[in-house]
Amino acid sequence: MAAEDFNPRILGFLCHWCCYSAADAAGVSRYQYPSNIRVIRVMCTGRIDLRFILEAFKSGADGVFTGG
Amino acid sequence: MVEAGRSPNIEIITNAQLKALDGKAGQFVAQVHQKPRYIDEDICTGCGTCTMYCPRPTVDIYNERLDITRCPHIDYPQAVPAAHYIDAEACLRLNYETCNLCSQTCMAHAINFDQKPRDLSLDVGSVVLAPGFGRIDPSVLERFGYGRFPDVVTSLEFERLSCASGPTEGHIVRISDERPPKKIAFLQCVGSRDETCGNGYCSSVCCMYAIKEASLAKEHDPDLEITLFFIDIRTHGKGFDASRERAEAKYELRIVRARPRLNGQVDGQLVLKWATEDGESHSGLFDMVVLSVGLNAPEDAKEIAEVTGIGLNRYGFCQTSPVLPLAASRDGVYVAGAFQGPKDVPESVTQASGAAAMASELLPEARDTRTVSISYPEEDTDLEAGGPRIGVFVCHCGTNIAGVVDVEAVRDYAATLPDVVYSEAPMYACSQDSLKGIAEKIKEYRLNRIVVAACSPRTHEPLFQETLKSVGLNPALFEMANIRNQCSWVHAQTPEAATEKAKDLVRMAVAKARLLEPLEQPSVNVTPVALVIGGGAAGMTAALSIADQGFDCVLLEKTDRLGGNLRRLTWTIDGRRASEVLNDLIDRVNRHPRIQVFLNAQLEKLSGFVGNFVSTIKIGGQDQLVNHGVIIIATGGREYRPTKFYQYGKDKRVMTQLELEGALARGTDILRHIDTVVMIQCVGSRGQDLSYCSRLCCSQAVKNAIKLKELKPGIRIFCLYRDVRTFGFAEDIYREARKRGVIFIRYEPERRPELIKNGQGLRVRVFERILGKDLDIPTDLLVLSVGVAPGDNESLARIIKAPLTEEGFFLEAHAKLRPVELAVEGIYLCGLAHWPKPLGESIAQAKAAAAKAAIPLARGKVAVTPIVSRVDKDLCIGCGICESLCPFNAIHLVKVNKRRKAETITASCKGCGICAAHCPVLAISMGGFTDNEIMAQIHAFAGKEEA
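Same order as they appear, the protein sequences are chains A and B.
Note that the working numbering gives residue 22 to position 22 of the first sequence, counting from 1, and the numbers run on in steps of one.
Add 68 to the 1-based position in the second sequence for the working numbering, that's all there is to it.
No more than 25 Å apart at the CA atoms, straight line, and that leaves these computed lysine to aspartate or glutamate pairs for DMTMM-like:
hint: 1; chain 1: B; residue 1: Lys280; chain 2: B; residue 2: Glu237
hint: 2; chain 1: B; residue 1: Lys280; chain 2: A; residue 2: Asp24
hint: 3; chain 1: B; residue 1: Lys318; chain 2: A; residue 2: Asp24
Here are a few chain A residues that sit away from chain B, every Cβ distance over 10 Å (derived from the structure):
hint: 4; residue: Glu4
hint: 5; residue: Asp5
hint: 6; residue: Phe6
Read the hints as simulated data drawn from the structure, not as lab findings.
In this text, a Cβ means the ideal position worked out from N, Cα and C, and glycines have one as well.
Looking at chain B on its own, in the form it has when it is part of the complex (with noise of 0.2 Å):
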């Protein structure tokens, strides 16, 4: 958010309105409704006391109405624009022309009560649609008792109740008597997979934020007790299964599959009554009902497709298809986020980017035509020059550092130490009025250090350095101190010891910060390429957007045809032939000129770093060089072998989903002698050979199940399962499937389905729990519901140095943040390499690694870190230990008047030190890291000063 605020090339519009969208694809004009703020955001500091001295109090509605404000606030610290408003329903000056408190107090002036509403016309090109999801109607939740009784609140309200900074600062406590529960009960799917509310769908994230509410709650208050009712656990995300496990663990969460009634209140305690799936009915008591509401289309959705000209599906949603995920109806509007369909922040975020890239396709002559850059003042070096001035931040980070850490003596200490002119604690020290506010310290103090006590360098200092760039100052002269993930949240019970830890912290970082020198910003330029590896349809999807963007294009397959997986699929979820599928994209890509396919091709070798990789290319036995900037890494995954299971392999009858598909695209022959088809899931994923839940195995099976019922409509099938995991609108053919009378039965992973051979017959024994015995039933085909392992990827790991997760897949930087990207810089990661997922999946996040892609492509330089070592030649001795140690060859021995001298090679420089630590003259120094600053930290550590 942050970084949008500050990007000069996104125009915020607060408070507005799309009112009509004219025009076609690549010219549409946006007219544009803004209502006023009443408060200037170019003048607002934020400061607060607009909101101190209203005499109104109006509902927060930020808050989920659980707490008072006034009509001028902000609805959290870290809002962008980091600017007040004013309720204009509530407001007495606008609503009675009484009051105007606020203007008189407010300080900057910013209060301007004569704003008056805009009609903007927009110029653009493409229109992207993120609107979010919309609530679920109270007289859904009603039936659940909420309204009736105030201790049965939403799963939203919870969240902001277990906020630190929420209503109650985080402690959890009930409505009705503000009194810490005891007993807390969550009930899922409410709101969703419930066709009496119209929302026959599965919301996707509720079973996953039920779990993190309750282990947040368990965190909070150890002796809760939690109860979690479930219809199916849902929690097919990346690593989630293994998560909630662990949470389940941890955390003493009582799982009960049934979907419970409110029955009254007993000496105010709330009375859940429910069935088990073995027909016995129990009640209990809880001291509060957590409702996890789902995710509806948004309210205005009607509105929303009237002035875009664009189709909803049958629930509100934007439609869209598999194949283009990110298109709405009409041309040149795509969309993103849970408006296309209820999903998580990772997959939201992916969309986005997206989203991103399939307008970047259409638009790419208009590129940089209308780009803003941000221009950094010129270094002021004779503030840099002087003696060291230091500011010290110690952040609160809310209660996050501040519950844990007495921050407030953290800065008064820091203000005692040698060359510190400046100490402060803001609230969130990232947050962008934080930021502005170091800026103008920086000014105010002639500060030419800035320390930084935080949460981690490795994922603030950027945004720190920043700041620093934008009042002159090299970025250098920053360094933070990490008192939050090394400090305050692992020292949580030992207050005190963790304060003491933050002071020697800050005193180390004091310490290096006066010794810290301003360091050259190189960049360099990008080598416009893209080296694509994987031909199926994420890797072909991927190379036709950075081509359609304008870039050219390597795509590597290791097999002698495009098309991966794809190729095996008959069926797509919503009913389409995948071959039309493959076929289109397979074209495209043989026709695009910007790209080059290179078949029985494979990576060999990886050198250079982004912007100008070099990679040794084996194709058929003969080598080649590729000269490129970035690389997706699209390579796959394989469908599971269950070779240890049912027989597989051993009897024709056992196949697995993909091969019941294969078959039946040749011919539906086969299915004149089968009447009884079993199909059980999970065979070899979540606990056996794959760890983890391979997310499209049960929406496959229901697919097939319907395909079966439709080319045979007397065929009996049962589908066996342990969580029927249709998540989003896959829901609807699960419903379809029961409709049409297949048979689904859940069993547990220590009881599982076993095969019993009679004769020539097949029969599969599973206990069915309704009727409490084992259920013997003959079939004549057996079809095995398997995973997604992974493909051959730790020997691509190797060469490019990425790392990969515990269960062999590529490891994402940041899951939420940078779901595309790996940590390696200038690689990106799409489809099965990243995680299991269905197809529309693969494709969307296929097209948002192509916009991540891009960005350097289009940028055409990229900065090196000037983290490097640096050779001072006059004390170097040419003794070579430096070049041979050094594992990027980059630094090497040069003759410099007929003496050999080493020399950095500053763009393969990784800032290791391996050079430094062993050079025996101490001539090699690290940017950031020298001798000098390394020892002050040392001697800081024993408490000693230098002078």
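With the rest of the complex left out, here is chain A (with noise of 0.2 Å):
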């Protein structure tokens, strides 16, 4: 598969209090990303339980994201 073809389904677990409000804050200032990944958020990315991010891989995710 050609690089530019590739289109990843990933996953993201983001902190409330850190990454998941710079998520918030890259919106205010408009930075533009791609919109390859979905977000879920936690209070914390210590609540990431080791069978979240196998079950996100299990579930077709192409990759795994963790902000914190």
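Mind docking these for me? Both chains are given alone in their own frames, and the hints should help you get the complex.
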């Protein structure tokens, strides 16, 4: 598959206090980025259980992003 | 605004005017005349049918006369109260007894032409004046071609043109031919800094709003060419210089320092002519000219002054002093916002809180005597316990979301998801009428889970949860999908992909909502004591305000005496002796029975949470524990030391402005041999060691220059500057300094003034732009205007776990909405710890912080977030992993029937979920973030639906 055709589905786990806030702030500043990510908000990246990441890959995610 | 509209303790009387104010502070009687709206605001649903049927067009004043509306209308969708009103001057029914169409078409029967004017007599303890600002006289605008040429518009008109819900839906077009302009010029200082129109002051906000408007216009049309004409660029607010520089580079804004005049029109384009500092003449053609109009005193300022018995300054604004910036000249009457002097939103909001503190200081005995508290209906547990019935509300947010995402498609998609029984796409989900609509739909469709797809839960979740509570639903039965900040705003170029993403996010939110359970809403008592850290002007003012409002206060000062930077100031901006102000504050602090002062004291450790903080304070080597409910940070800043520059520290003829003040305070003998003084502005600031502008150095230099001229009239003073930022009424002293012969020479940062030592003599070399060559000024004294560097904020920030700005000052929770609060609940901020600012602003901000801090103290209880961990004791094996990992000491092992079991300390738990993620037997669940809920989101991400 050519690199330009690759349109990955990425699941993000974002910490409410930092990365999720930053993603909100990116919006306020209208920073543009590709729309491949879908976000699940958690209160801390410490909440992320390994099972969540495995389940995401099992469910077809091409990548998992954690931000905290 | 919505919050004010919802408070049961705020009665909003619209269309009203104060006619008389009798009595005295604490016991005023206000006579208020209220004109009728002719629409009952309690009945009106804001549906807009009346506007649709009214046959009589009228000019839309809210939209700067750029649009047409009808007699019954609402100014804008978020208006509070969210009810229409009738333009009584244009209405056919009211003027000619004909028509009456609106009344017949109003389904709610809210229109009532029998309404009569009312005269109210209100018993009040204090009065806060916040009438805002007035408009620059049209005759001033006419000098710039306004009225003669349709494409000369004011910045207010431009603002409406660029607004998505404005007359052109955000498309910037020329008024003459409705075509988009290609070249736009902004003319600054229209009606400001101009004695010929009577406005000698600087309006403070126009430089920054022009940059904002230009940036928005460029965002809309990247091919636009924008030129801004400045005298000085006054972007002196917190972070303003940085964002201006970013905007200039990103949007390729052309900055010209000149004051152009309009020289007619050629082929539909406007001709501007100007001369630059080097004496060259230039001209240019523009499709549109925007006049950056200043802020006038309110049109009815004189009437307000007569009725309330307060004094006005020479420009018609409310008379105040830098030491008491929020007090009008009549006791018990306070002022906030632009009526006190031109200012921006963050400062206005700060002053408003400060004025509330002043009113509260005056009336501590009256607290809670007339307070109404909101009572929520009992939770409808039957409804909650039934199977999920989900309502989805997909917000347009004007065009913020709908301009990119196909909102209707998302709404229709939501309707197909399992358990969704209702979906809708409101214009603004957060507007008062929409919130009312959500409440009605909950009742009508028996909804028990609500999903709002809109902006961020970080800002708006509490608002919607309030609506749930108002109809008996537990607030935890709510979920948001962030389709604005994290979708439409960041995928503006790919609307289809953004719509797909919005659908996915809604599907994930619905999947979670299906599993949401009601959560308990615990609350804890508040220790009614405030801890104020820092004993300078801001800290002392805050402590006095808290104490005067009736609460105990502990004031920490790290040195051996109170005073902070105020000790080093000799004169205030209005020429008062700073020591008088200082001594008065110290005296009142020391005498106040509710204030306990700890000198040589520092905060070592902090535990607890809003309402129940425990601080470890080191006082002269000894640790002491203090229990308190709130914290105010007033740790100040310090004068920047310019050791790298101009032989400072090596030659005693080189000193800072504060050192000059100090020297003059000790005696004026030093002036005997001084005939010439050179001042250099921005030493170490604005891109050198300090990246920012310190806001106060220009006024300080001008103040000291005038003082020197007073003490020794023949003295020659040169002030070398980048931009003279004497904003607001400080412009008066700038003008006075020039009249007294102080010579101001501008330099560019690329070509800073140099110090040349010539034997024993000092000479300063600066490039003079009008002469076009270097000027060597022999001088006896070189005074450096240095900025304010942050204090030791980093260690304090670590202790209280609060973020700092990249410049090293404390970061407020929201610049406009929560300017004196930190993101950590129960911690407030004022003075130089927030950002450099003059004394008057520090005092107003300290009052504001005291007002905010008094809220939990006065309530006596704070709600604890329900997002906490819960241990299923049957599953728990007592391994203790959770206890060892918890960063907040919020989970511990207890003995239950001789077995070790984990238990959460709810009040300390921050809801991070580390315990839940590490529990080997899955015995811990997080309120609102259970394993099942997150798993459901993951599966919904994949497109699978749970059974």
